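Protein chains: 2
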Amino acid sequence: MIKIVVDAMGGDNSPSVNVSGAVKALNEIKNLNITLVGDESQIVPLLAKEKYDKTRLEVLHASEVISCNDKPTEAIKTKKDSSMSRAFELLKTDSDARALVSLGSTGALLAGTVLRVGRIKGVKRPAFCPILPTMRQGKTVGICDSGANVDCDSVYLQQFAVMGSLYLQKAYGVKNPKVALLNIGAEEEKGDALRKETYQLLKDTAAINFVGNMESRDLLSGDFDLVVCDGFSGNVLLKSTEGACLELMKLLKKSMLSSFKSKIGALLIKKKMYEIKDLMDYNNYGGAVLLGAAKTIVKGHGSSKAEAVYQCVKQAYNMEANNLCQAISEAITAATANNNQ
Amino acid sequence: MIKIVVDAMGGDNSPSVNVSGAVKALNEIKNLNITLVGDESQIVPLLAKEKYDKTRLEVLHASEVISCNDKPTEAIKTKKDSSMSRAFELLKTDSDARALVSLGSTGALLAGTVLRVGRIKGVKRPAFCPILPTMRQGKTVGICDSGANVDCDSVYLQQFAVMGSLYLQKAYGVKNPKVALLNIGAEEEKGDALRKETYQLLKDTAAINFVGNMESRDLLSGDFDLVVCDGFSGNVLLKSTEGACLELMKLLKKSMLSSFKSKIGALLIKKKMYEIKDLMDYNNYGGAVLLGAAKTIVKGHGSSKAEAVYQCVKQAYNMEANNLCQAISEAITAATANNNQ
Chain A
2 MIKIVVDAMG
12 GDNSPSVNVS
22 GAVKALNEIK
32 NLNITLVGDE
42 SQIVPLLAKE
52 KYDKTRLEVL
62 HASEVISCND
72 KPTEAIKTKK
82 DSSMSRAFEL
92 LKTDSDARAL
102 VSLGSTGALL
112 AGTVLRVGRI
122 KGVKRPAFCP
132 ILPTMRQGKT
142 VGICDSGANV
152 DCDSVYLQQF
162 AVMGSLYLQK
172 AYGVKNPKVA
182 LLNIGAEEEK
192 GDALRKETYQ
202 LLKDTAAINF
212 VGNMESRDLL
222 SGDFDLVVCD
232 GFSGNVLLKS
242 TEGACLELMK
252 LLKKSMLSSF
262 KSKIGALLIK
272 KKMYEIKDLM
282 DYNNYGGAVL
292 LGAAKTIVKG
302 HGSSKAEAVY
312 QCVKQAYNME
322 ANNLCQAISE
332 AITAATANNN
342 Q
Chain B
2 MIKIVVDAMG
12 GDNSPSVNVS
22 GAVKALNEIK
32 NLNITLVGDE
42 SQIVPLLAKE
52 KYDKTRLEVL
62 HASEVISCND
72 KPTEAIKTKK
82 DSSMSRAFEL
92 LKTDSDARAL
102 VSLGSTGALL
112 AGTVLRVGRI
122 KGVKRPAFCP
132 ILPTMRQGKT
142 VGICDSGANV
152 DCDSVYLQQF
162 AVMGSLYLQK
172 AYGVKNPKVA
182 LLNIGAEEEK
192 GDALRKETYQ
202 LLKDTAAINF
212 VGNMESRDLL
222 SGDFDLVVCD
232 GFSGNVLLKS
242 TEGACLELMK
252 LLKKSMLSSF
262 KSKIGALLIK
272 KKMYEIKDLM
282 DYNNYGGAVL
292 LGAAKTIVKG
302 HGSSKAEAVY
312 QCVKQAYNME
322 ANNLCQAISE
332 AITAATANNN
342 Q
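Chains A and B, in that order, are what the protein sequence lines are. The opening position of the first sequence corresponds to residue 2 in the working numbering, with each subsequent residue numbered one higher. The opening position of the second sequence corresponds to residue 2 in the working numbering, with each subsequent residue numbered one higher.
Pulled out of the complex, with its shape left as it was, chain A reads as follows (with noise of 0.2 Å):
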């Protein structure tokens, strides 16, 4: 049995979007455990509603919420009644609870994970991994790290490489991830300082399959699985992205909307644009992993739907199904054995 923490409290939509996305995982994965953690008063009906099994859930009762608001190391210190702070605290003392889902605020989480739960032994800093599709069907991409690192030297940049790479292949089976550093140029001499000695360690470091640089254009391409940054650029990539394609769909729905002929066009198009929306729903993508924890952390979008949310608890079930925590564990301990040679 695998048991697995749900902050039934984050997110714009709770606690409704994150009881039943939570139920509709335990009815699929007969090996989970759940625990709710949350106001009892509200997530209690909620479940009522619910058909379960009821021997694999329960809910521990926390009185506050954190908000995006709070400065995040203070609310995980203060805050103690708040769901957050209970999940962690339930990840500390519990050794079957090894894995948390919220889609609470990110700074919190982070905080929460490094004075709660700690780090993989050899991990220096944990990384943000979220998955991203690509304009290829059936593709994807990881971006590592995505913010919790806003500087970064490169045996950090080594490590979210080999750290993404064990996590597409354990959690979403994709076999040899192509590894890419961003960079501002495809040739090996481009970039900072940063990037040109990460390049050289990234060529040296046997556990991944290394292809060198890419250059921020490429990132929905389908040419690559994991994309290694610093947290600061890799923020910049994540949001500029989204926020384009964002923007783009937006425009393009106002202007669809502005003539009686385009009208009638856009009537004729819905269902392909639908589909599009739906390849690039994050809903259908789970959340970001916090990777180098050591137990399963996942984030998701603040403003997920149930779907979202039966997403991430099922990517955390597969983390854990496969034992990645350990699988880092060792690949760092090889890479640095291999650095210091």
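These aren't lab readings, by the way, just hints derived from the structure by calculation. Quick caveat, the model's predicted, so the values are computed rather than measured. Built from N, CA and C at the ideal position, the CB exists for glycine as well. It is possible that part of the hints are untrue.
What the hints assert, rightly or not - In silico EDC-like links for lysine to aspartate or glutamate, alpha-carbon gap of 16 Å or less:
| id | chain 1 | residue 1 | chain 2 | residue 2 |
| --- | --- | --- | --- | --- |
| 1 | A | Lys255 | B | Asp54 |
| 2 | A | Lys72 | B | Glu189 |
| 3 | A | Lys72 | B | Glu188 |
| 4 | B | Lys31 | B | Asp13 |
| 5 | B | Lys262 | A | Glu276 |
To be verified - Covered stretches of chain B (in silico footprint by chain A; criterion: 3 or more residues with CB under 8 Å from a CB of chain A, positions within the stretch not fixed):
| id | stretch |
| --- | --- |
| 6 | 78-91 |
| 7 | 99-106 |
| 8 | 167-178 |
| 9 | 186-194 |
| 10 | 199-205 |
| 11 | 260-267 |
Starting from the known structure of chain A, fit chain B onto it as the hints suggest.
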């Protein structure tokens, strides 16, 4: 009279687009002289087909071309008879030659500027500042630096802000441009050490209208006129935005042509789609200027058409006609004096 040097050989469609774009600008702007630099045997026959005032256009022969595969600094130093090297030579020796427009290698243009033209007194680093369309009708946004300087300190970023802001005022008539700092969150305390230091410096810079941090997802919102960033993250921002828009438009096209019904729909919205394509077309927005160089340097897109070359020449003319270099020199001196108080 303002004399502008046009590298006739740079770019994918040279020299035909370079020649016809330059001639179009010459015919429109009466106060303009142009020197086309490149292979006479190709340029002269193209000119023979055009109508223009022959007293205001000359051709300077150059037998070689610097390609994007050449090493920039080496190419400027050794390919002495290349169109770009000859163009820089002219800028250096002829005080009347005040600006250079090139579609050639970005690296070589940067190297040539540093080696042959030099910086405006007080400017620490020249920086690229391309202008992008936003999703709000008639609004554009500049990114400074988009890739000239991968390693930056806070004073560089302050200077990018001052130069970019003046550029938008002088070349595009933007009043009191809204200047934002690219960061991973909107709050003042966000980001790495560089961003925190720069934020404080920008707040105290009287010459600009600093409006705070901008997250990359908001680049195309139309809420900002100029985004200030180091060249590494600026390059990531620019290319991921361009890449995402391009990939999404490709996917839309493919998707709309995939069924009979959607093909009919596509026909009906064709006009609207072309409007959007037109809105996003860099051919309408001139080139990326290299701010802080002692003479005006404009880099057009390698795949520019004649219209884009025309826009680049007009842009260079506007910058010179409004004495941008002089204005930058004064503003940088004032900002530096204020920093040292």
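Quick rundown of the hints versus the structure:
1. For the hint linking A:Lys255 to B:Asp54, the alpha-carbon distance of about 45 Å lies beyond 16 Å, and the restraint is violated.
2. For a cut-off of 16 Å, the pair hint linking A:Lys72 to B:Glu189 stands: about 13 Å separates their Cα positions.
3. Under the criterion of a C-alpha separation no larger than 16 Å, the hint pairing A:Lys72 with B:Glu188 is consistent with the structure, at around 11 Å.
4. Annotation: proposed proximity of B:Lys31 to B:Asp13 is violated, straight-line Cα distance about 29 Å (limit 16 Å).
5. Under the criterion of a C-alpha separation no larger than 16 Å, the hint pairing B:Lys262 with A:Glu276 is consistent with the structure, at around 15 Å.
6. Coverage of a stretch by a chain is defined here by at least three residues with a beta carbon nearer than 8 Å to that chain's beta carbons; for the stretch 78-91 of chain B and chain A the count is 0, and the condition is violated.
7. Residue count for the stretch 99-106 of chain B with a Cβ under 8 Å from a Cβ of chain A: 0. That is fewer than the three needed, and the coverage hint is violated.
8. Against chain A, the stretch 167-178 of chain B contributes 0 residues with a C-beta closer than 8 Å to a partner C-beta. That does not satisfy the three-residue criterion, and the hint is violated.
9. Remark: the stretch 186-194 of chain B is confirmed as covered by chain A, as 3 of its residues place a Cβ nearer than 8 Å to a Cβ of that chain, reaching the required three.
10. Given as covered by chain A, the stretch 199-205 of chain B fails the check, having 0 residues with a CB less than 8 Å from a CB of that chain where 3 are the minimum.
11. Chain A is given as covering the stretch 260-267 of chain B, and this holds because 6 residues of the stretch bring a CB closer than 8 Å to a CB of that chain, at least three being needed.
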